[in-house]
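Q: The lines below spell out each chain.
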Amino acid sequence: MNIPFEKKVLANGLKVLVHKDTTTPMAAFNLLYDVGSKDEHPSHTGLAHLLEHLMFGGTRRFPDFDEVIEGAGGENNAFTNNDFTNYYLQMPKDRLELAFEVESDRMRNLVLSPKKVGIQKDVVIEEFKERYLNRPYGDVDLLLRPLCYTRHPYAWATIGKETAHIADMPIAEIKSFYNRYYRPDNAILAVAGPVEAEEVFALSEKWFGGIPAGGLSPRTLTPEPEQTEARRMEVVRDVPYSTLYKVYHIGERMSPDFYVFDLISDLFSNGKSSRFYVELVKKQRLFNELDAYVSADIEPGTFYIRGRLNEGVGYAEAEAALQAQIDTLATQLPPEHELEKIKNKLETALLFSNLKALDKATNLCYFELMGGAGNLSAEMEKYAAVDGRRMQAAVKRYLRDENATTLYYTAKS
Amino acid sequence: MNFDYRQLMPETLRLGNGIPLYLFPDPNSELLRIEFIFEAGSCFQRKPIQARACNALLEATLHHSADAMTERFDYYGAYIEKYVDRDQSSLVIYALARYSREIVALCEEIFKEAVFSATELKLYLEKQRSQFDIAMQKVAEVSRRAFFAQVFGEGHPYGQNIERADYDRLQREDVEAFYREFYVAANAGIVLAGGYNDETVKALSDRFGCGFPIGQAAPLPAPSEALPSARSGFVPKAGALQASVRMGKVVMPPTAADFSTFKVLDYLFGGYFGSRIMQNIREEKGYTYGISSYILPLRAHTVWIVASEVKQACSRQVVAEIRNEMRKLCDRKPGKKELDIVRQVYQGDFLREMDGIFEIAEKWKFLRMFGLTDAFYRQFAETLEQITPAEIQQAAQRYFAADSFHVTVCGDEAERAE
Chain C
6 MNIPFEKKVL ANGLKVLVHK DTTTPMAAFN LLYDVGSKDE HPSHTGLAHL
56 LEHLMFGGTR RFPDFDEVIE GAGGENNAFT NNDFTNYYLQ MPKDRLELAF
106 EVESDRMRNL VLSPKKVGIQ KDVVIEEFKE RYLNRPYGDV DLLLRPLCYT
156 RHPYAWATIG KETAHIADMP IAEIKSFYNR YYRPDNAILA VAGPVEAEEV
206 FALSEKWFGG IPAGGLSPRT LTPEPEQTEA RRMEVVRDVP YSTLYKVYHI
256 GERMSPDFYV FDLISDLFSN GKSSRFYVEL VKKQRLFNEL DAYVSADIEP
306 GTFYIRGRLN EGVGYAEAEA ALQAQIDTLA TQLPPEHELE KIKNKLETAL
356 LFSNLKALDK ATNLCYFELM GGAGNLSAEM EKYAAVDGRR MQAAVKRYLR
406 DENATTLYYT AKS
Chain R
45 MNFDYRQLMP ETLRLGNGIP LYLFPDPNSE LLRIEFIFEA GSCFQRKPIQ
95 ARACNALLEA TLHHSADAMT ERFDYYGAYI EKYVDRDQSS LVIYALARYS
145 REIVALCEEI FKEAVFSATE LKLYLEKQRS QFDIAMQKVA EVSRRAFFAQ
195 VFGEGHPYGQ NIERADYDRL QREDVEAFYR EFYVAANAGI VLAGGYNDET
245 VKALSDRFGC GFPIGQAAPL PAPSEALPSA RSGFVPKAGA LQASVRMGKV
295 VMPPTAADFS TFKVLDYLFG GYFGSRIMQN IREEKGYTYG ISSYILPLRA
345 HTVWIVASEV KQACSRQVVA EIRNEMRKLC DRKPGKKELD IVRQVYQGDF
395 LREMDGIFEI AEKWKFLRMF GLTDAFYRQF AETLEQITPA EIQQAAQRYF
445 AADSFHVTVC GDEAERAE
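First to last, the protein sequences are chains C and R. Numbered according to my numbering, the first sequence spans residues 6 to 418. Numbered according to my numbering, the second sequence spans residues 45 to 462.
If you are wondering where the hints come from, they were derived from the structure by calculation, not from laboratory data. Because the structure is a prediction, the values reported are computed rather than measured. Note that CB positions come from ideal geometry on N, CA and C, so glycine has one too. Since no wrong hints were added, every one of them can be taken at face value.
Listed below are the simulated DSSO-like cross-link pairs for lysine-lysine, each with C-alpha atoms no more than 27 Å apart in a straight line:
#, chain 1, residue 1, chain 2, residue 2
1, C, LYS348, R, LYS126
2, C, LYS121, R, LYS329
3, C, LYS20, C, LYS98
Covered, in the sense of this in silico footprint (three residues per stretch, anywhere, with C-beta under 8 Å from a C-beta of chain C), are these stretches of chain R:
#, region
4, 121-129
5, 323-332
6, 388-396
Taking the hints into account, I'd like the entire structure generated from these sequences.
A: Structural data, given as structure tokens:
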């Protein structure tokens, strides 16, 4: 997989990436800000995401952001996670300049009126309920994070610790967060589509070039100390099936271990021929659903196992069976055929996640944030280089009890 | 709008047994998409879950166990998606194009040599039952079910819902019988898209053009004469933090002359972020994280639906505001500027929806089901370009009559404000 691009850094620090893709009539415009929920104060959580909502509230020049974009046949949206906030637009190629115009405007001139803030707080609280509180197992992330992270700000979810944090967010706090982080030297822009690099660089200079740099000092987050003993928690909820969660600390997204664990998660649970499915779901009938996955956090992240227990199965039995799977991998090299299989599946998935101009623009920004957009094209090679021995070493090093957080999410009988 | 509509129409081959093979080539793609469509949706089943179980169990064959077959698909990097809706069943395979020959051979085996075992069925039903239990805790799922039962009546093939006990009733023989009756050449269509080559086409023609029972074409469902009249329903769910609202009715099919006009009205009303209901109910009142309307085209009846999860105490206000927005459109024509935005939004959405050969191939399923061609989208583009604010108002007056809508709310009764 090769995603070529050209790069230029403006005098104010804005990084601009361009990928030419002539197979689509639409241009994708992706603007990533290097600010996420990990940058929030622990008593004002949910702020990065709330501000993302407010970014659609308009400026004096463009009071209705969506209307301007929609009126030009464009579409736009955004998402926030623990690491960054990402805004993206898709515009007909001949209206691309409008994206530069509105995005550069709201980088500095956002209007934060008390009325709009009040309404978006309500909207976000409804989102909080819809996605986390009013659905079965919705609050798992809210429970697991503070258990896994004792010092690092990954201890709270992007939506926030609780709805009160959003309801009580002072407008001054929102303004100061916006002023600090929404700066050209804290942002990465990528444009992908039927465009020439020179025209994108010129547009970037024209619309963003005049915005002063913020001069933000590099972030200093409290690192999470190494976990030295097993952590456990049990909650009882009105859900139909008890569910077991096991979370292990692993390396950061760009560390070699990430690729190893991503493949281990596939070996365990990607597809109906995966080990967990064949052995624990189908043969032993312990779980009716069982997944393993990596968190893909930029800072040291986590490896998750989530298993929904069949009726009559106890946690001890389920955990022992999972441990046996981990032990097998630790002691027996996976067969070459199995490694080829998970790498083939990974290749399909990787090609799919870089098919569209917008996906490529977003991924280029994401990789630039993590040290260099060129690394995106090296992804498949990094996976290909993983062998059974590295898997074994990683399992032995990380999938240990002292490094695990276990949550029993128990069904109220 | 700069779009070549001809690309929506595939080259079509008729295989020896009559199965149509539709081709959407993209020689530069490293990926491949093959879709097998059968007229084998849930409306044909005699027992609940029959159609879904049959589609799901298409794995094991005379010569290989389900595990062995999934292992082989996985080995070639394939992802299989299975869809069963009210009208059709389909199996979509995404894979690396370099393995197309192997993938086609595996597909032949699962369709032609299917074997249904009681053990696999039991496992499937247990898993589905647990997913059912979880889904039933979601207000959105409960209101969705109740809504369709209300619109079509529980006896109607489109209105029937699965009950928990159904997972204990389905037998291996039911699944096999469904397969024998409906997974036949007379009911099949194949859509091939992406980076395939002549060899792939030949392999599909050779392997699927014979050796498949021709069978009987499924009797396609016709529109019902009498459907239940509009009413309001409430399903209590104690302790729910949000209420789920569904509102809607049966409308004209995509083949009708006035469909495109209604589609523009739907867009303006609830089809995009700047729509009437989103602006009022989310952006001005903050009652919800999202609200939208959409058209669901089923073969016998097309349904228009407004859906939202809302602040528990506000479900009545939300329903009142939806009605209010309908009334406003009946009373006053929309501004020219708003209509221009709708035009632009639709065109942008359309270009994105058609952006890529897999997306175009996916749309074919819809056109084919209704016997439509690219003229459908051309006609719509024309309507969109020419429609006037006054015509939107007339359409609202025609379709938004106050008493014609079903309303279903699921939420906590005690929290429901008067």
